[in-house]
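Could you put together the complete structure from these sequences and hints?
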Amino acid sequence: MAAQAESAARKNRGDSVLVTGIGVMLPGATHVNEFWQDVRDGNSRLGRLTRCVPGRTGVRVAGELRDFDHRKFLPELNEKFAGRYTRDALVTMSAVEEARRDAGLGSGEIDPLRLSLIASSSRGPLEWVSQALREDDSVGNREGHEDHEAGSTAHFGDSGAMLRGMPGAPATLSAIYGDVRGLVTTLSSACVGGHHAIGFAADLIRAGTADAVVVVGYEFPLTPLVFQSFQAMGDRVLSAESADPRRAIRPYTRDREGFAFGEGAVALCLERESHARARGAGGYARFLSHRALNEATHPFGMDMSGQITASAVAGALQDAGRTPRDVDWFCAHGTATPKNDVAESRMLGALYEGRPRSAWPPLSSVKPVYGHLLGAAALVNAAATSLALHHQCLCSTANYADAVPDPECDHDHVAEGARATRTELAVSLAFAIGSQTSVLALGAA
Numbered sequence: 001m002a003a004q005a006e007s008a009a010r011k012n013r014g015d016s017v018l019v020t021g022i023g024v025m026l027p028g029a030t031h032v033n034e035f036w037q038d039v040r041d042g043n044s045r046l047g048r049l050t051r052c053v054p055g056r057t058g059v060r061v062a063g064e065l066r067d068f069d070h071r072k073f074l075p076e077l078n079e080k081f082a083g084r085y086t087r088d089a090l091v092t093m094s095a096v097e098e099a100r101r102d103a104g105l106g107s108g109e110i111d112p113l114r115l116s117l118i119a120s121s122s123r124g125p126l127e128w129v130s131q132a133l134r135e136d137d138s139v140g141n142r143e144g145h146e147d148h149e150a151g152s153t154a155h156f157g158d159s160g161a162m163l164r165g166m167p168g169a170p171a172t173l174s175a176i177y178g179d180v181r182g183l184v185t186t187l188s189s190a191c192v193g194g195h196h197a198i199g200f201a202a203d204l205i206r207a208g209t210a211d212a213v214v215v216v217g218y219e220f221p222l223t224p225l226v227f228q229s230f231q232a233m234g235d236r237v238l239s240a241e242s243a244d245p246r247r248a249i250r251p252y253t254r255d256r257e258g259f260a261f262g263e264g265a266v267a268l269c270l271e272r273e274s275h276a277r278a279r280g281a282g283g284y285a286r287f288l289s290h291r292a293l294n295e296a297t298h299p300f301g302m303d304m305s306g307q308i309t310a311s312a313v314a315g316a317l318q319d320a321g322r323t324p325r326d327v328d329w330f331c332a333h334g335t336a337t338p339k340n341d342v343a344e345s346r347m348l349g350a351l352y353e354g355r356p357r358s359a360w361p362p363l364s365s366v367k368p369v370y371g372h373l374l375g376a377a378a379l380v381n382a383a384a385t386s387l388a389l390h391h392q393c394l395c396s397t398a399n400y401a402d403a404v405p406d407p408e409c410d411h412d413h414v415a416e417g418a419r420a421t422r423t424e425l426a427v428s429l430a431f432a433i434g435s436q437t438s439v440l441a442l443g444a445a
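Note that UniProt numbering numbers the sequence shown so that position 154 is 154, with each residue one more than the last.
Hint data in this document are derived by calculation from the structure and do not stem from the laboratory. Since we're looking at a predicted model, the values are computed, not measured. A hint or two may mislead.
Unchecked claim - If you anchor each label on the Cβ, the simulated ranges turn out as follows:
1) 279 to 391: 22 to 30 Å
2) 163 to 326: 40 to 48 Å
3) 319 to 299: 36 to 44 Å
4) 207 to 112: 13 to 21 Å
For each residue, glycine too, the CB sits at the ideal point set by N, CA and C.
See below:
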C-alpha cells in the first residue's frame with residue numbers, strides 16, 4: 001500500500017497547478033462575477049464606517065461587509081451551531097464553499113483525504129474579542145466587579161468560547177463543514193500571508209500529497225484597537241478622507257494619505273491540472289512560482305531602493321522559466337502610503353534598468369476597491385490577477401486618472417479604466433510589517 005502511494009506521489013510531482021475556483025465575501029461582492037466587475041473597473045466599495053464607534057481615532061471610512069446571511073451559502077449548517085460561531089468564521093466558511101462551488105469541486109469530485117485547506121489571517125478573531133471585552137467592561141462599570149464577572153460568562157462561559165477565540169477556528173470549521181480531511185492550518189504572516197498560503201498549497205500539490213487545496217484569507221479589522229495601533233505609526237498611514245469615501249485610497253498620487261480598512265474573506269481553489277482536466281474542469285490561471293523573503297532590517301520599514309524587491313521578482317520569474325520582459329502586468333500592493341508606492345515604482349526602475357518608463361509594464365492597485373484586508377490582502381490580489389489572466393483584461397487603479405501623480409510614480413497605472421489586452425504572465429506583489437516581501441507569478445491557463 002505504501003509503495004502504491006509513493007508511486008502515485010512520484011507520478012503527480014511536477015504536474016501543473018491551476019486556480020480552478022474563486023469565492024469572495026466582500027463589501028458589495030459575494031460572487032466571483034461581482035468581484036471581477038469591481039476590480040476590473042475600479043469600482044470602490046468604501047463607505048461611511050458604521051461597524052463600530054471609532055472613538056478618538058477619527059476613522060470614518062471603511063469597506064464594510066453588510067447584510068451578510070450565512071444561510072445562503074451554508075444551507076446545511078445547523079443553526080444551533082451557527083449561533084455559536086463568530087461572524088468571521090461564518091464568512092470564511094461561506095467563501096470556502098463558494099470557491100468550491102465555483103470550481104465544481106464538491107464532495108463527490110475529490111477524495112476528502114486528498115483535499116487540504118490553508119488559511120491566512122493577520123489578527124484572528126479580534127472583532128469578537130474586542131466586542132466581548134467592550135461589553136463586559138461596560139457591564140462592570142455599570143454594576144460593579146461581581147456582576148462584571150457574571151456578565152463575562154455571556155461571552156466566555158460556554159464551551160464554544162474556547163473555539164471562538166482561536167485564530168484557526170474559521171479554517172477548522174470550514175474543514176468540518178466541507179469534509180476536508182487533509183492538512184488544515186492557519187498562517188499569520190500579516191499582509192503577505194495569503195501569498196505564503198498559495199505557495200505552501202502549490203508545494204503540497206506538487207509534492208503529490210494533495211490533489212487540491214483551498215486557500216482562504218479572512219480579516220475583520222474594523223475595531224478601535226486596530227485603528228489606534230495603526231494610527232500610532234504616524235501620519236499618512238490611515239486615510240483621513242471623509243468627504244468622498246470612495247476616494248479615500250489614492251495610490252501613486254501626490255495627495256495620497258494612506259489606506260482605509262476593509263473586511264471579509266477571499267478563497268481560491270488550487271488544483272492539480274491532471275485532476276481538474278480528468279473531471280472536465282478548466283482554470284482561471286496557472287500557478288507558476290512564488291518567492292518570499294525577509295529583508296531582516298527594520299520591522300516597519302521596507303527596501304526603498306527597489307533592488308531587493310526587483311531581485312525577488314527576477315528570482316520568481318527565473319523559477320518559472322521566464323524573464324522580466326515576459327511580464328504583461330503587475331498587480332501591486334498599492335497601499336497609497338508614501339513609502340509603499342514609491343518602493344514599487346523604484347522596483348520597476350531597478351528591474352527594467354535602462355528602459356524608459358514608457359516601456360515598463362503596467363502596474364495597478366486594487367486596494368481602493370475594498371480597502372486593506374491585511375491577512376487577506378494578498379489573496380484579493382491573487383484573485384484579481386487570476387481573473388485578469390482569464391478575461392485578458394487589466395484592472396484599473398481607481399482615483400488615479402483625475403489626480404496629480406507622484407513624480408516618482410508617474411508611469412502606467414491603467415488609469416483609464418479596464419484595459420483589454422493580451423496577458424500571458426502577471427505578477428502579484430505583497431509587502432508586510434515585519435520586513436516581509438512576497439512575489440507571486442501567475443500565467444494564463
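Hint-by-hint comparison with the structure:
In this structure, residue 279 and residue 391 meet the distance hint of 22 to 30 Å, their C-beta atoms being roughly 23 Å apart. Separated by about 46 Å at the C-beta atoms, residue 163 and residue 326 satisfy the suggested range of 40 to 48 Å. Our hint of 36 to 44 Å for residue 319 and residue 299 is violated, since their Cβ atoms are close to 27 Å apart. At roughly 18 Å, the beta carbons of residue 207 and residue 112 sit within the given window of 13 to 21 Å.
The structure is inconsistent with hint 3 alone, although it conforms to all the rest.
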